[in-house]
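Once you have looked at the hints, place chain B on chain A.
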Amino acid sequence: MNRLPRWLLVALAIGPVTGLAIFYAWPFVTLLAEAVTATAITDTLSRRSTWEIVWFTVWQAVVSTVATIVVGLAPAYVLARFDFRGRTVLVGLLTAMFVLPTVVMGAAFLALLPDSIDRTVWAVIGAHVVFNLAVVVRVVGSLWEHLPTDMEAAAATLGASRWKVATQISMPLVRPAVTAAATIVFLFTFTSYGVIRILGAPGTRTIEVEVWRRATQLGDVGGAAVLALLQLAALVAIVSWSTVAQRRHARAIGLLATSARRRPRTSGEYRFVALIAGAALLVVAAPLAALVLRSFSTPTGWSTTAWTDLGESEIRPGIRLGIDPVEAVVNSLTNAAWATAFAVIVGALASLAIVAAGRAGRALDGGLMLPLATSAVTIGFGMLITFDTAPFDWRASWWLVPVGHALIAVPFVVRTCVGVLRSVDPALVGAAETLGASPVRAWRATVVPYLWRPLAVGAALAASISLGEFGATSFLSRSGGETMPIAIEQLLGRTGSVLQAQGFVLATLLAAATVVLVVIVERLQSPLAGRAGR
Amino acid sequence: MNDHPGLDLEGVTVSFGQLRVLDDTSISVGASEVVALLGPSGSGKSTLLRVAAGIITPDAGRVLVHGVDVTARPTHLRGVGMVFQDNQLFPHLSVIENVAFGPKMAGVARSERTERATRWLRRVGLPGFDDRRVTDLSGGEAKRVALARTLAAEPAVVLLDEPLTGLDRELHDRLADELATILRDTHVTALLVTHDRDEATTIADRTVQLADL
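So the sequence lines, in the order shown, correspond to chains A and B.
Just so you know, we're using the numbering used here here: the first sequence kicks off at 1 and counts up by one.
Just so you know, we're using the numbering used here here: the second sequence kicks off at 1 and counts up by one.
Here chain A stands alone, though its shape is the one from the complex:
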């Protein structure tokens, strides 16, 4: 099927490959070089605080994961098994929580919880649970939805009580999905950064936060690099383990082709569904509501001051704090526009090359996915320490932050596009050629037109990623160039109710922008799903 001339493939791939080499591979190698010095390694590994931080990172992730699974199973079951009014809204809300920027989720919990516990590990775990509920609901729910309900009925006819059915039949059957969901949640919480920067206290630092602290606050670049690699090694180990575990527990279950969802029939079922759905709604709506409310809250009562005076960066006449919320909005929008443009161009070229180029294409595909597997903090850190010497001192360049964002967004653009392009019937190209079109012409007429719609989806995704990006930005952004997430973190970290309220205003705006973009993605994707296979 690869009948495109080699020059065209090279032309398509050269941009993405060069970008990946300069902005991902090079910083990564620099990071390795920084870390692989005897003193950096021994200093870091022999320090007691390192192991305290590793221990904290692990236990908060384990507790967050277990709590998310425990809290998420009931809504996953109800949403998978029952049809009821408001079901779609609830699923949408849960999903929206999942795509919210980390600092927004942190801000929402800061707004929700009373001052006594809002900067503790419990606040962090609470935010992690609400954040990741959608993972459990979607991953476990999609299996549960198609699990034959008769399997459970069969157990009941053999004398199994409801509890026994749940523990001996349902749980073992959904276990592979639970393992998968738990792995995803663990990965997210293990590498948690934005939430902890907002909600964490001095004693609650994850490896990611410590990388940032060592690199930017203490100037210990070697130590930060060792920690970044330590975390990367842990991530690789976890992913390999989960792949093996899921293969071992994989079972041939006769899944239903259609959903087993139905309306509740008995009054007991109605009560159960109402209780669980209501509780889930409360859990996701409360932090968002608190966020919006706090943006209107001042010591003297309710007021729209924080919104109307957003441009007033003077806290008292003549005294400024150096954080301008309006400027942060402008910076974010500019960055997002460029990051989206970069990600769309690179993603489009890469997708076309991947689909057209067979084995080499798969290598490019894998290479472009690497930034996804590397934490944003590691990416930002690597770029910071690589591009700091002439002639590559790009730290002050306006485009460095958007490039970092694009690096993180490209995998999403590629994933949306490649799937659609692969589904184009190869026979179409052949048909065009029999009508007299050259291979390049045939490709342009049959394959390329399918690119635009997934590319639009990818653009919306890239924009939302860029707007909310905090990990890499916290290394790359310069004073005066603060994006919204950076400004939110700084505003909420200061005392003073005006600043706090402004932080909540920015977080509300960012949440709204993200939700709008995700709704656009969903809208663009749904008719596409029906078209792609044809």
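Hints in this document: simulated from the structure, not taken from any laboratory.
C-beta: ideal position from N, C-alpha, C; glycine also.
It cannot be assumed that every hint is accurate.
Partial list, derived from the structure: chain A residues whose beta carbon lies under 10 Å from chain B [to be verified]:
no.	residue
1	9
2	152
3	153
Taking CB as the label site, the calculated pair distances span [what the hints assert, rightly or not]:
no.	chain 1	residue 1	chain 2	residue 2	range
4	B	57	A	70	49 to 59 Å
5	A	425	B	119	50 to 60 Å
6	B	41	A	363	52 to 62 Å
7	A	248	B	77	34 to 44 Å
8	B	73	A	66	52 to 62 Å
9	A	70	B	209	45 to 55 Å
10	B	57	A	86	22 to 32 Å
11	B	73	A	372	30 to 40 Å
12	B	119	A	263	39 to 49 Å
13	B	57	A	85	51 to 61 Å
14	B	106	A	289	49 to 59 Å
15	A	363	B	125	51 to 61 Å
Same frame as chain A, now just chain B:
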């Protein structure tokens, strides 16, 4: 027909939304009697069995097992066993664990339930299948395991929902004969749902048309 009550369904009415699937349907199966319920697909036969098993709650009507009203009882306390059309063997359990599941739920000690399960596996012609995975069984073998699993729980009433549908002709006929023998030998009360008249006459003491109820 005998006078001792086995399974009685009285005035059962079930609607799914606007669709009335069963309308004031009654049927009576005597103790140790095997009754076949005939009717075309979609006529509500399966729904009637599910009402008897307590899987579906009827809008109206009563279910009696050995003369005792069990309408309000949950499925697991009814003593009603069921063989599903697609077997519904538990894929995460071995063959013997499937068959021993009922005794396990009843609190039977491990050694005794293993022995009971082994006996039932022999009875359905599957000796030595204990540790096989249920996902590796042929259609006929899976059907036998499903039957053994239901009978090993020693239910008061056995419901069979199109148990032989989908098997090839030869296997179907052989299993129908074996099923008839096993049900007769165990003196169990059974209600069989099928759309196959020959199958009904082979297995059952008495055949009833759903349309006549």
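Checklist entry - Of the hints stated earlier, which fail here? => result Structure breaks hints 1, 4, 8, 11, 13.
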